[in-house]
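**Student:** Read off the chains here:
6 protein chains.
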Amino acid sequence: MTVFFEQSQIDQWIGEDASYLDLTSHMLGLHKQNTTLRYVVRDPIRVAGTEEVAEIVCSCGGQTQHYTPSGVAAMPGQTILLAQGPAQAVLRAWKVGQNLLEFACGIATLTHQVVQAVQTVDASVAVLTTRKHAPGVRKLALKATLSGGAMPHRLGLGETILIFPQHRALMGGWEEVGRAIARHKYALCEKKIVIEAADLDEAYRAAQAGADVVQFDKVPPETLTQIVPALRKAHPNVTILAAGGIHAGNAASYAATGVNALVTSSLHYAKPADIGVKVSLTEPAESQEPLVASKLEGLE
Amino acid sequence: MTVFFEQSQIDQWIGEDASYLDLTSHMLGLHKQNTTLRYVVRDPIRVAGTEEVAEIVCSCGGQTQHYTPSGVAAMPGQTILLAQGPAQAVLRAWKVGQNLLEFACGIATLTHQVVQAVQTVDASVAVLTTRKHAPGVRKLALKATLSGGAMPHRLGLGETILIFPQHRALMGGWEEVGRAIARHKYALCEKKIVIEAADLDEAYRAAQAGADVVQFDKVPPETLTQIVPALRKAHPNVTILAAGGIHAGNAASYAATGVNALVTSSLHYAKPADIGVKVSLTEPAESQEPLVASKLEGLE
Amino acid sequence: MTVFFEQSQIDQWIGEDASYLDLTSHMLGLHKQNTTLRYVVRDPIRVAGTEEVAEIVCSCGGQTQHYTPSGVAAMPGQTILLAQGPAQAVLRAWKVGQNLLEFACGIATLTHQVVQAVQTVDASVAVLTTRKHAPGVRKLALKATLSGGAMPHRLGLGETILIFPQHRALMGGWEEVGRAIARHKYALCEKKIVIEAADLDEAYRAAQAGADVVQFDKVPPETLTQIVPALRKAHPNVTILAAGGIHAGNAASYAATGVNALVTSSLHYAKPADIGVKVSLTEPAESQEPLVASKLEGLE
Amino acid sequence: MTVFFEQSQIDQWIGEDASYLDLTSHMLGLHKQNTTLRYVVRDPIRVAGTEEVAEIVCSCGGQTQHYTPSGVAAMPGQTILLAQGPAQAVLRAWKVGQNLLEFACGIATLTHQVVQAVQTVDASVAVLTTRKHAPGVRKLALKATLSGGAMPHRLGLGETILIFPQHRALMGGWEEVGRAIARHKYALCEKKIVIEAADLDEAYRAAQAGADVVQFDKVPPETLTQIVPALRKAHPNVTILAAGGIHAGNAASYAATGVNALVTSSLHYAKPADIGVKVSLTEPAESQEPLVASKLEGLE
Amino acid sequence: MTVFFEQSQIDQWIGEDASYLDLTSHMLGLHKQNTTLRYVVRDPIRVAGTEEVAEIVCSCGGQTQHYTPSGVAAMPGQTILLAQGPAQAVLRAWKVGQNLLEFACGIATLTHQVVQAVQTVDASVAVLTTRKHAPGVRKLALKATLSGGAMPHRLGLGETILIFPQHRALMGGWEEVGRAIARHKYALCEKKIVIEAADLDEAYRAAQAGADVVQFDKVPPETLTQIVPALRKAHPNVTILAAGGIHAGNAASYAATGVNALVTSSLHYAKPADIGVKVSLTEPAESQEPLVASKLEGLE
Amino acid sequence: MTVFFEQSQIDQWIGEDASYLDLTSHMLGLHKQNTTLRYVVRDPIRVAGTEEVAEIVCSCGGQTQHYTPSGVAAMPGQTILLAQGPAQAVLRAWKVGQNLLEFACGIATLTHQVVQAVQTVDASVAVLTTRKHAPGVRKLALKATLSGGAMPHRLGLGETILIFPQHRALMGGWEEVGRAIARHKYALCEKKIVIEAADLDEAYRAAQAGADVVQFDKVPPETLTQIVPALRKAHPNVTILAAGGIHAGNAASYAATGVNALVTSSLHYAKPADIGVKVSLTEPAESQEPLVASKLEGLE
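Residue numbers (full-length UniProt numbering), protein chains in the order written: chain L, 1 to 300; chain Z, 1 to 300; chain A, 1 to 300; chain P, 1 to 300; chain W, 1 to 300; chain F, 1 to 300.
Derived by calculation from the structure, the hints in this document are not laboratory data. Computed from a predicted structure; not experimentally measured. Treat the hints loosely; a few may be bogus.
Said to hold, decoys possible - No more than 27 Å apart at the CA atoms, straight line, and that leaves these computed lysine-lysine pairs for DSS-like:
1) Lys192(Z) <-> Lys32(L)
2) Lys271(Z) <-> Lys95(L)
3) Lys32(P) <-> Lys185(A)
4) Lys192(L) <-> Lys32(Z)
5) Lys192(L) <-> Lys132(L)
6) Lys218(Z) <-> Lys271(Z)
7) Lys218(Z) <-> Lys278(L)
8) Lys218(L) <-> Lys233(L)
9) Lys185(W) <-> Lys95(F)
10) Lys218(W) <-> Lys32(F)
11) Lys233(A) <-> Lys192(Z)
With the rest of the complex left out, here is chain L (with noise of 0.2 Å):
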């Protein structure tokens, strides 16, 4: 897996749904049945997440026999991932499942939408991902935009240094932040430092305070596009980054001002997938259906 899911973690989407019994299944008398669950795509997508799926499925007491890796493209009909085992286990995984990859195939979509966009604009511009989602769904989020081919801004505060003015607000001012920034950059020296800044003149003072990225917050294309060349002159080795109220909708534009990456968290909260759930007996010799993407090279 290209993101570490624990156990417990698995356990818990589980236990989210199906803490107790599965009491339609229960009454049915559904429970040892070999049963085979597809989930199949009705939309084209970006897949991601069915390695989890596949583990939630086996931690329910089934098998994966197949899917198709995470990273890869599906098409409308094609069943990305085919499970099977006794009634109760499938029955168990199938919303968990189903609810799992709608929600990660529907962010990797659009982020591959958005960046490919984006590439065709300028193939160096990176599109990152920032630390704004639903509570508690980071690890997976970021599974789902990696598969669709953006990079992380950052994952959490350990990890890098940015300064936004609310910070500049509590040390009194842009000296207060230069001469921190120059009494412990020694100390950071494998990191760099990342200022945000509303406008041309605050990019400047964050440059001269220190900043080895300067991120402009909310600062719409056209502006950007006039202000980026003039910061780029002043400090050739500063790297420009967009940032605030980037999306589908605008992200080409953002890439046409020559900043090095856009920075949006719009992604996470991308429009679900469809992807329809079919479920039936085991036939006795079930064949193998051919699956379009397994032969394509994924994510993982």
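Place chains Z, A, P, W and F on chain L using the hints.
**Tutor:** Below, chains Z, A, P, W and F alone, put in the same frame as chain L:
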């Protein structure tokens, strides 16, 4: 709290973002300065999750001075939670709390709009939320939809009997389903039996099989308008639900069809609310700012 | 598994007994010797929990060769689970598995007796189990009562509406309860509303307040026999439950009163089954012993 | 607390019952009303677990005003814990606390009776409790048996050396056991070595093999009375325990046999205590009710 | 707290030592006596971990009156934490707290010595700590090294790019590494790329492959002194680290080589500090003892 | 496994280092390549922890081909664990496993040296390890000391009675301690009572108070040599321990004093073993390399 969150859940939300140190604040020397944190609303919203953010602030080492309770409306510019404490406590809680509020208030706001739209059409039609959402967010999503005025459809596999076509496929057909219900219904005498149907014919078969509730899946409002009266006439005691593809854009149409309730997953994928964060050094004698909503009657 | 147990639960059961080393086995040099462990029944029982013990054995490093499934009868002398593995694995699982089997089989056996007694009197009367039991054992107790043929009354506060006199005391009286139900019943259209009553008069008031189900608490069978027909006549659609003080000794009497179901906590405090444990070095070519029950149809 | 319970254990007890919302209270609009909760004893009991219930109440959002400490007697009609708080907090704690008290007080009460019966016969005979009980309740059962005056026999595999016949079967016989003890006893010089014996002959062999303690298993009291003096004479320094089938009905007989202690599992399956629950709106100036036991010296 | 510790971590530390009862205190009747616990320093140290011990004391049921904050020096005889509470609370916390303080203060003290030694030689050389330590102690070790004045090198695999020879072996060689960097560097524009090198030649190849930081592994100080100027001349923007075998005994020599920082694991295996524990009955009007360090400016 | 580790512990070790992605491997495209990982010993060691590393590898998605069992010696150049699997699995396990092996083998190696040194002087003197170590590592440290040939002194507060001077201070003095022991000793008849003493006089008082074991704290070997015979003469049945400041440098001297066992914490802070890691692409028909130790008899 309406919904019970374990301490480990609160801590896991914090740890997701701040598992190690806050590198930026550490470098800037922001440790013990008395700091005030405000979550400020940018659009009119229905509040949800402030009680949980108060717990996050507490677990980070700060204190919440006041907050707008879940279930209450808030206006642009309004501070819905004000916390104080040492800089390192408050800065650690900042984004964790913001993410939670944006997610929960976004859902509560959309839920409230849909409930209002539905009730305007027919005050006896309920809005019920499904088990479909990002993995791991069920409790928080429930808190948010309750705050917006909806009720849960069901919260897990062990709670109600809900027979999908997939169950029917495993059983062999309607007759086998009917026989299983006939055999076991006495033991489920406290429960209603819900069966999903794709059209009027299936609805009849469901009712004959013993359904107390028929849930139409993906039947357009105009069709429902025609078939609901027929089903009511044939089976006056049967509760009728509409599910599948219901969202803010068509909820009012569905509400006019004569069904008892709408079952929808769409609220769980609401656009996040836009919540700003203000951080400042705590004034020595900080005057308590007047809050619009604190006098209102919230959910809790 | 009928009931889903997280790996952390399996491990917690083991860790409760074997959190550090097995000092006795370590001193005796019992480490890697191939060892066979048999759980042998001393009295006729209804089996429950063997699937979970198989998981315990596996997590300890051993393997289960065969077991009698939950829900099946076992006779004195019968081996209901046979495991093999290194001595240290098998000896670690020994008492953990024995405790689980004695607890679960004890409950399943008593449950089966009570269900049989009730069904002999009236096959349409259900036995339902409550939320009363030792803290932390709900899932395992559920597995055991399901194995004995009972169904759960309710598994948590979020599942059904059950109005106790304590709620009524807070509301102010029957009228306030009735008003709340009238106002919210539409939103709970998939649920039945259960109200507890102490006598016929309260039952009438409950039904008038909107109860779908009236649960008599601590009403003796002879009284119930008199008042159930009256209630049925007045409210033919109301489901009637008897609860409070029902146990193996009086369940048949309650079954004859005309109620729909008996709600009982007593099964959770059943006498533990007496399960012996045999441990031996594994014979090089150990012949598989024939098992009586393995051909029978178990719960899972 | 005599026994340490992690916050996650407290929360898990609550979550077992109230993992999502309290549907009944939510429907009835019971949210913030100041509410008083009383646990009232119906029979004379020995109290256990009130400290843990106080923690449950606190984690639910309420406050415990006073409680009778564990280890103290309580009389019918006595309130052993009085808590207050918002309705939703108090109603969530209600059944969780009741279940805990019924379980723990039931065990403590029986334990106290058995200890009294034994000490009346011979004040130097101890009552020791085993590792046999429902899975997952060891800590709470320990709290309860300590509250009743018993001591634990052993709390896990890592604590003492206790050689069962099953170990002997793996070792090959008494001689191999004796050799292992001879070889390793120096390294266990802080521990006593306990060996189980079925009769006097085995007891002699156990003592010769190096046992500091001989534990007779399932030897009737009348037989013990005869063989204990012989064993004492032959091995005056050996501690003698009786185990297997000891319960409230025969403990006094066992106490008269001259053994040092009785080892029993039966206390863990005591009948639950009968604890009533009163719920009311909190009076504005609620007078503190006098408590009988609060002046007594409890265990904690 | 500089580093966030979940409640479950605090509880796990306590449970590791006190999972059941405190048998000694229970036997001695040490339950509720008001007790004072003092951690007293025996050698000059740099304090770390007192904030965490205060949480341990609290979770055990006691209260911390005052403590010396992490990051401050303490002198022999100085009490660095004074707690009070019932005997059973304080005695439970005793050894858990002592172990934590000895571990954390030991690391902080050595760290401070090494940082001082390094800064005396060259104030612009940082001391960075690695991911090498006993399993499970990363957070506490981080707290301790921060308290001693060091910074983390990296805290996990997801934080920085650090290419070891082992990666190179899998890639096939320097050229393949260089190609991968060239292809992906734009997407890591907020990160520095660190490559390990064994000698000057490898350092050149690393820089040519795109390294922002070259980390020399196990190169002796005398060799470094010679090659660092050459590398600086050829690649003036490259940051240079020394790693591998750096410890208190040679850190000053490494500091003189011209590198930017020393990367060391040795601090995590520092000798534990010697912290004595005094326990006494709390005096009725106990006078607050004057504390040397409480006036100093600590880390938190 | 000699010591039971829960799956959550294995996962927590992995998650500590690899909570999100492996950024370096991801950038380098190291995903599915078949990769071989070898842990190679650089100095002669006693192995400990390989069973746990095998579990880490498995949880990361790889497979362990063979390993040298804990408790066995290994020579420089020897591979003590060889694992294979996809690059991303093996690279994730790499450092987690290395850290564990360096910690555990370091302790086992030093333990073995001390045990050898002690046994050379007097084969009847045991080496016992205390509860002093870094927080959270008790189980792994126990595994390591057992692998080196030591035994645990005690593993938690609930296991033995060990009366420290701090207890005595709370009780009031020796007489109160003696009275408590006299009153409760019958209930602890399976346990030995251990009392710490600072000199011969205290040892006499301890024995008179009822100690089965006297533990001298910080008494130099030369003093012990003088006073042990006196104590043995006066109290021939008392077990005598030496504790406090015992380490590899003086263990042999302590072993010659006539005590029964040495109690030491120093082993838990052993220098980590030096374990190299080799990573390579798996050869298509990789020949199994011969292993020196795999034929030896390990601890497990």
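**Student:** Take the C-alpha atoms of lysine 218(Z) and lysine 271(Z), compute the straight-line distance between them, and say whether it is at most 27 Å.
**Tutor:** 23 Å, holds
**Student:** Is the Cα-Cα distance between lysine 271(Z) and lysine 95(L) 27 Å or less?
**Tutor:** Holds, because 23 Å separates the two Cα atoms, which is no more than 27 Å.
**Student:** Decide if the proposed pair is consistent with the structure: lysine 192(L) and lysine 32(Z), CA atoms, cutoff 27 Å inclusive.
**Tutor:** Holds, at about 25 Å.
**Student:** Need the status of pair lysine 192(Z), lysine 32(L): alpha-carbon distance at most 27 Å?
**Tutor:** Holds - the C-alpha atoms of lysine 32(L) and lysine 192(Z) are around 25 Å apart, at most 27 Å.
**Student:** Does the structure keep lysine 192(L) and lysine 132(L) at a Cα separation of 27 Å or less?
**Tutor:** Roughly 21 Å between the alpha carbons, so the hint for lysine 192(L) and lysine 132(L) holds.
**Student:** Verify the proposed pairing of lysine 233(A) with lysine 192(Z), using a straight-line Cα cut of 27 Å.
**Tutor:** 22 Å, holds
**Student:** Is it true that the CA of lysine 218(Z) sits at most 27 Å from the CA of lysine 278(L)?
**Tutor:** Roughly 17 Å separates the two Cα atoms, so the pair holds.
**Student:** Under the criterion that the straight-line Cα-Cα distance not exceed 27 Å, is the pair lysine 32(P), lysine 185(A) satisfied?
**Tutor:** Cα-Cα ~22 Å, so holds.
**Student:** Are the Cα atoms of lysine 218(W) and lysine 32(F) separated by 27 Å or less?
**Tutor:** 31 Å, violated
**Student:** Would the hint linking lysine 185(W) and lysine 95(F) be met if the CA-CA limit is 27 Å?
**Tutor:** Holds, at about 25 Å.
**Student:** Does lysine 233(L) sit within 27 Å of lysine 218(L), going by the straight-line distance between their CA atoms?
**Tutor:** Given pair lysine 218(L), lysine 233(L) holds - Cα atoms ~22 Å apart, limit 27 Å.
In summary, the one numbered hint that this structure violates is 10.
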